[in-house]
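Participant: These are the residues of each chain, in order.
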Amino acid sequence: MIELRGISKSYRVSTRGSSHLAAALRGLFVREYVTVNALEDIDWHVRRGAVHGLLGRNGSGKSTLIKILCGILHPTSGVASVDGVVPWQDRRSYVRAIGVVFGQKSQLTWELPALDSFALQRSVYGVPKAQFEETLAYLATALDAHAISARPVRSLSLGERMRCEILCALLHRPKLLFLDEPTIGLDLISKDQVRQAIREINAELGTTIILTSHDISDVSSLCEDISLLDRGRFLYQGKLQSLLELHSRQKVLRVKLARPVGECALNGFPLVATGQYTATLTLAEGAAPLRELLPKLLEELPVEDMSVESTQLDEVVKSLYRQGACGAPR
Amino acid sequence: MRAFLELLCLDLQIKLKRALAFRRNFWLRSSIALFHSFIFSTFQLLLYAGVHGYPGWSPEQMLLFQATLILWTGSVDLLFGGLAELIDVEVVYGNFDRFFLWPRSTLVSLLSRGTNIYALGTVLAGLVGSVALLLRLGPGLSVAGLLLCALFFVSGVWFYAALLVVYSGLTLFLVKMARLREVLERIVFFGSFPSDAYFGPGKSAVLTVLPIALWAYWPTQALLGRARLLACESLALAAVCSIAAVAFWRRQECAYTSAGG
Chain A
1 MIELRGISKS YRVSTRGSSH LAAALRGLFV REYVTVNALE DIDWHVRRGA
51 VHGLLGRNGS GKSTLIKILC GILHPTSGVA SVDGVVPWQD RRSYVRAIGV
101 VFGQKSQLTW ELPALDSFAL QRSVYGVPKA QFEETLAYLA TALDAHAISA
151 RPVRSLSLGE RMRCEILCAL LHRPKLLFLD EPTIGLDLIS KDQVRQAIRE
201 INAELGTTII LTSHDISDVS SLCEDISLLD RGRFLYQGKL QSLLELHSRQ
251 KVLRVKLARP VGECALNGFP LVATGQYTAT LTLAEGAAPL RELLPKLLEE
301 LPVEDMSVES TQLDEVVKSL YRQGACGAPR
Chain B
1 MRAFLELLCL DLQIKLKRAL AFRRNFWLRS SIALFHSFIF STFQLLLYAG
51 VHGYPGWSPE QMLLFQATLI LWTGSVDLLF GGLAELIDVE VVYGNFDRFF
101 LWPRSTLVSL LSRGTNIYAL GTVLAGLVGS VALLLRLGPG LSVAGLLLCA
151 LFFVSGVWFY AALLVVYSGL TLFLVKMARL REVLERIVFF GSFPSDAYFG
201 PGKSAVLTVL PIALWAYWPT QALLGRARLL ACESLALAAV CSIAAVAFWR
251 RQECAYTSAG G
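Chains A and B, in that order, are what the protein sequence lines are.
Taking our numbering, the leading residue of the first sequence gets 1, the next gets one more, and so forth.
Taking our numbering, the leading residue of the second sequence gets 1, the next gets one more, and so forth.
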């Protein structure tokens, strides 16, 4: 569905090293610029029909990548093909096949019921009336949005508004849907409703979905494939399960302590994190490390309870970021 | 053009629905807009009624010029009255992205989103004033004069739209340019006088280089049966300005850097 080859995007940004007035005045005549490489020579493949998670820290290049794929920005170099179309070259015909939801920006008219925005969307995309009504009925059921779409958008909760945003983006039946942080600021119930709807839409309409989120639970509950972007480059692209298996050679041992202990008492343990009454340790795969560690642990620390867990996705992602930050091979 | 008119109607519908969503505000604003338009227009008409003409212009002809100007001002306000503010806000906060997501030209999408329904009062005032003054001036209006007036009027609106395109392109480029709008307003101000009021290079400028004479001067002259060949130069220059404005816009559109994540 999506094929990117050598995509780069750089911006020229002005800088001023000092906060002095003199430096500001100098900047009026002579300005220094730095080139910020938002994306650096990236290749990317997304298969048709997938829910593909795009993860990355703030400023990692996610939004730039999404905006290039939406035809909003032109890359500095590289080639792209989305279903055989170059987004920024054939934008007008291309956007008929995509839907976009930016979690922090709204496409709904604030003062009016969402139904009015849906009608506008129908006219703008030239959707036939019968098809529009059929799609609206289906999506309103999937997103539980029958009642809320008749109320003014300003009176909707964030979760209700997000369901209407997703509905609006799908009314012209796009083949590809970009969801940029769709669960940002939502409570647990609303998040669950949105995720359930995304799952259903993907399964029943076959829409390819690119999901950008800082919420690891969104990605782990929805995506089979993920890509991890950091400082304009991919740290990982592939199956979520493969990433977890790759790091499952390590387990996490969570220990609950009966009383606080000094730092020196914890020396000699492979610690990840400590709290007043807790300690988290890493364990290599296999029973041998556990056999060695357990007697020492029980003997030296006031252990009240403990559990052995597989490595969680958020830990894996953090570890990859750290490796990336240290300049480890990508 | 069809796409533009379609989108324009949709925007007017949405704006009307938005206005109707707050009933008291709608009645209040509509009343104020109508009152302001009529009072201001009547004041202008009364003011010029006291003036004993202008070289080459009788008092009635001056009044017709004023009525045409009010009609033109109302029309551009109705079509594009909210555009400058829209582009300012959308670009600064990164919301301009959504114009790229519509399957239309970004320029067409943008120009169709700046309507101001409350300017309808001014359009009505201008229309009523123009018709009343034409009747007062007596017979003499030909179909050709009326068609020519319509041509100049539409070209004037087109030229104003071109100025807005340049303004929008500059906003995309500079992101924030607080006083740029004042320049635009000043240009509109210069168009509020008959071009005969200017001399030498100033007159040449308003007739050709910056053909603001198309806004009220040439349409009034056409109604009065006094259109000259020089009007063709104004039309040609307006067309050139429009082409240049669109080219400038396309350049800025390609270099657009969206704000925010």
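Among these hints, one or two may not hold up.
Stated by the list, open to error - Result set (DSSO-like, lysine-lysine): computed pairs, CA atoms no more than 27 angstroms apart in a straight line: (1) A:Lys256 to A:Lys191; (2) A:Lys175 to A:Lys251; (3) A:Lys239 to A:Lys318; (4) B:Lys176 to A:Lys105; (5) A:Lys251 to A:Lys318; (6) B:Lys176 to B:Lys15; (7) A:Lys129 to A:Lys175; (8) A:Lys251 to A:Lys296; (9) B:Lys176 to A:Lys129; (10) A:Lys105 to B:Lys203; (11) B:Lys17 to A:Lys129; (12) A:Lys256 to A:Lys239; (13) B:Lys17 to A:Lys105; (14) A:Lys105 to A:Lys175; (15) A:Lys175 to A:Lys256.
For the record, the hints were derived by calculation from the structure and aren't laboratory data.
Predicted model only: the values in this text are computed from it and were never measured.
Participant: Of the hints stated earlier, which fail here?
Facilitator: Hints 1, 2, 9, 10, 12 and 15 are the ones this structure does not satisfy, whereas the remaining hints hold.
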